[in-house]
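Use the sequences and the hints to build the structure in full.
Just so you know, the protein sequences line up as chains X and F, in that order. Counting from 1, position 62 in the first sequence corresponds to residue 62 in our numbering; the numbering is continuous, with no gaps. In our numbering, each number is its position in the second sequence, counted from 1, plus 1000.
Accuracy of the hints is not assured; some may be wrong.
To be verified - Below are the PhoX-like pairs computed for lysine-lysine, each with C-alpha atoms no more than 20 Å apart in a straight line:
{"hint": "1", "chain 1": "F", "residue 1": "Lys1043", "chain 2": "X", "residue 2": "Lys83"}
{"hint": "2", "chain 1": "X", "residue 1": "Lys47", "chain 2": "X", "residue 2": "Lys66"}
{"hint": "3", "chain 1": "X", "residue 1": "Lys66", "chain 2": "X", "residue 2": "Lys83"}
{"hint": "4", "chain 1": "X", "residue 1": "Lys47", "chain 2": "F", "residue 2": "Lys1142"}
{"hint": "5", "chain 1": "F", "residue 1": "Lys1043", "chain 2": "F", "residue 2": "Lys1142"}
{"hint": "6", "chain 1": "X", "residue 1": "Lys59", "chain 2": "X", "residue 2": "Lys83"}
{"hint": "7", "chain 1": "X", "residue 1": "Lys47", "chain 2": "F", "residue 2": "Lys1043"}
{"hint": "8", "chain 1": "X", "residue 1": "Lys41", "chain 2": "X", "residue 2": "Lys78"}
{"hint": "9", "chain 1": "X", "residue 1": "Lys78", "chain 2": "X", "residue 2": "Lys47"}
{"hint": "10", "chain 1": "X", "residue 1": "Lys75", "chain 2": "X", "residue 2": "Lys59"}
{"hint": "11", "chain 1": "X", "residue 1": "Lys78", "chain 2": "X", "residue 2": "Lys59"}
{"hint": "12", "chain 1": "X", "residue 1": "Lys59", "chain 2": "X", "residue 2": "Lys47"}
{"hint": "13", "chain 1": "F", "residue 1": "Lys1043", "chain 2": "X", "residue 2": "Lys75"}
{"hint": "14", "chain 1": "X", "residue 1": "Lys59", "chain 2": "F", "residue 2": "Lys1142"}
{"hint": "15", "chain 1": "X", "residue 1": "Lys59", "chain 2": "X", "residue 2": "Lys41"}
{"hint": "16", "chain 1": "F", "residue 1": "Lys1043", "chain 2": "X", "residue 2": "Lys59"}
{"hint": "17", "chain 1": "X", "residue 1": "Lys66", "chain 2": "X", "residue 2": "Lys41"}
{"hint": "18", "chain 1": "X", "residue 1": "Lys83", "chain 2": "X", "residue 2": "Lys47"}
Unchecked claim - Here are a few chain X residues that face chain F, going by a calculated C-beta distance under 7 Å:
{"hint": "19", "residue": "Asn31"}
{"hint": "20", "residue": "Pro32"}
{"hint": "21", "residue": "Phe49"}
{"hint": "22", "residue": "Ala51"}
{"hint": "23", "residue": "Glu52"}
{"hint": "24", "residue": "Gly54"}
{"hint": "25", "residue": "Ile56"}
{"hint": "26", "residue": "Pro74"}
{"hint": "27", "residue": "Lys75"}
Calculated from the structure, these hints are not laboratory results. Built from N, CA and C at the ideal position, the CB exists for glycine as well.
Spelled out from the first residue to the last, the chains are:
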Amino acid sequence: MLKQSLAVLCLSLVPVAAHAMPVVGDTVGTNPAEATAALAKAGCTVKEFEAEDGQIEAKCTDASNKLWEVYIDPKSGKVTNIKADD
Amino acid sequence: MANRDSSSQGAGALSPPDPWDPLVRASHWLIAGAVIANGLINKPGGTIHIWIGWAVLGLLALRFVWGLFGPAEARFTAFLPDPRAAVSHLLALVRSKPKEYPSHNPAAAIMVYALWGCLVAVTATGLVMTGARSPVTIAEEKAAVAAGDWSVLVNADNHDGGAEMTGFREAAEEVHEVAANLMLVLALIHVAGVVVESRSLRRNLIRPMVFGRVRNK
Chain X
1 MLKQSLAVLC
11 LSLVPVAAHA
21 MPVVGDTVGT
31 NPAEATAALA
41 KAGCTVKEFE
51 AEDGQIEAKC
61 TDASNKLWEV
71 YIDPKSGKVT
81 NIKADD
Chain F
1001 MANRDSSSQG
1011 AGALSPPDPW
1021 DPLVRASHWL
1031 IAGAVIANGL
1041 INKPGGTIHI
1051 WIGWAVLGLL
1061 ALRFVWGLFG
1071 PAEARFTAFL
1081 PDPRAAVSHL
1091 LALVRSKPKE
1101 YPSHNPAAAI
1111 MVYALWGCLV
1121 AVTATGLVMT
1131 GARSPVTIAE
1141 EKAAVAAGDW
1151 SVLVNADNHD
1161 GGAEMTGFRE
1171 AAEEVHEVAA
1181 NLMLVLALIH
1191 VAGVVVESRS
1201 LRRNLIRPMV
1211 FGRVRNK
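This is the structure we're talking about:
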């Protein structure tokens, strides 16, 4: 019974997990407006953008209000790295 | 009490100088303040953090030059690392019979080099993480991005190193954090060591690093 409900729970969470966040390689844009929209679509609400080490660091929160740092190459508009803010 | 009196005889005496020379004192406290500010207070990667890091680089360079050309007790030759002597000094301290030395005692000397090693590691990796761009440039970039303008970073011609460079920077970041934390732990041990040594020698070792000798004593 427990096994079954766990399986159901896992299965039901898979699509959410798969679409909840942007991934490395996604193109989100080369300006704040585009990137905010693209990241929101990917499930992360942008709080602010910062310059860090020549890249754009977007601080955004996911559906469970967890804070993420999404690094964007300002030239290509691509996501280069994603880190959980700890 | 001959030892205690000898402290007022300056360099060449049996005990460390009282006071330490101005450059040693100033660099000591400025670096101590920088470590506290960058390690515990300000925002990592922020403009202030980077300014302080560059200031530490300058202070370290100055101190290292002083280690070659400064007064006798400030020179590296006055406190070369000697692990065996350090251990025997610590053992003497446990038996509360430490000897006096004209500069740092052998255990303190090891601590000095360990702290310098950490400072070099932290500042060098900090430079790698920021691409060695000046704090002025970084402040301008941050201001522009905060105002919604990303073009400054595109024109800045950096981060074209690809995945390899990203890996290198991430490794630098790891070393930066580990060395910084190690340095904070070492600083605590250093402070504890000064307290223990002061009690054991029945002499305030902090004062010569602050004001120097009280003349009418």
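Hint check:
no. : hint                    : result
1   : Lys1043(F) x Lys83(X)   : holds, 17 Å
2   : Lys47(X) x Lys66(X)     : holds, 12 Å
3   : Lys66(X) x Lys83(X)     : holds, 11 Å
4   : Lys47(X) x Lys1142(F)   : holds, 16 Å
5   : Lys1043(F) x Lys1142(F) : holds, 14 Å
6   : Lys59(X) x Lys83(X)     : holds, 10 Å
7   : Lys47(X) x Lys1043(F)   : holds, 17 Å
8   : Lys41(X) x Lys78(X)     : holds, 15 Å
9   : Lys78(X) x Lys47(X)     : holds, 19 Å
10  : Lys75(X) x Lys59(X)     : holds, 19 Å
11  : Lys78(X) x Lys59(X)     : holds, 15 Å
12  : Lys59(X) x Lys47(X)     : holds, 6 Å
13  : Lys1043(F) x Lys75(X)   : violated, 26 Å
14  : Lys59(X) x Lys1142(F)   : holds, 14 Å
15  : Lys59(X) x Lys41(X)     : holds, 15 Å
16  : Lys1043(F) x Lys59(X)   : holds, 15 Å
17  : Lys66(X) x Lys41(X)     : holds, 16 Å
18  : Lys83(X) x Lys47(X)     : holds, 15 Å
19  : Asn31                   : holds, 6 Å
20  : Pro32                   : holds, 5 Å
21  : Phe49                   : holds, 6 Å
22  : Ala51                   : holds, 4 Å
23  : Glu52                   : holds, 6 Å
24  : Gly54                   : holds, 4 Å
25  : Ile56                   : holds, 6 Å
26  : Pro74                   : holds, 4 Å
27  : Lys75                   : holds, 5 Å
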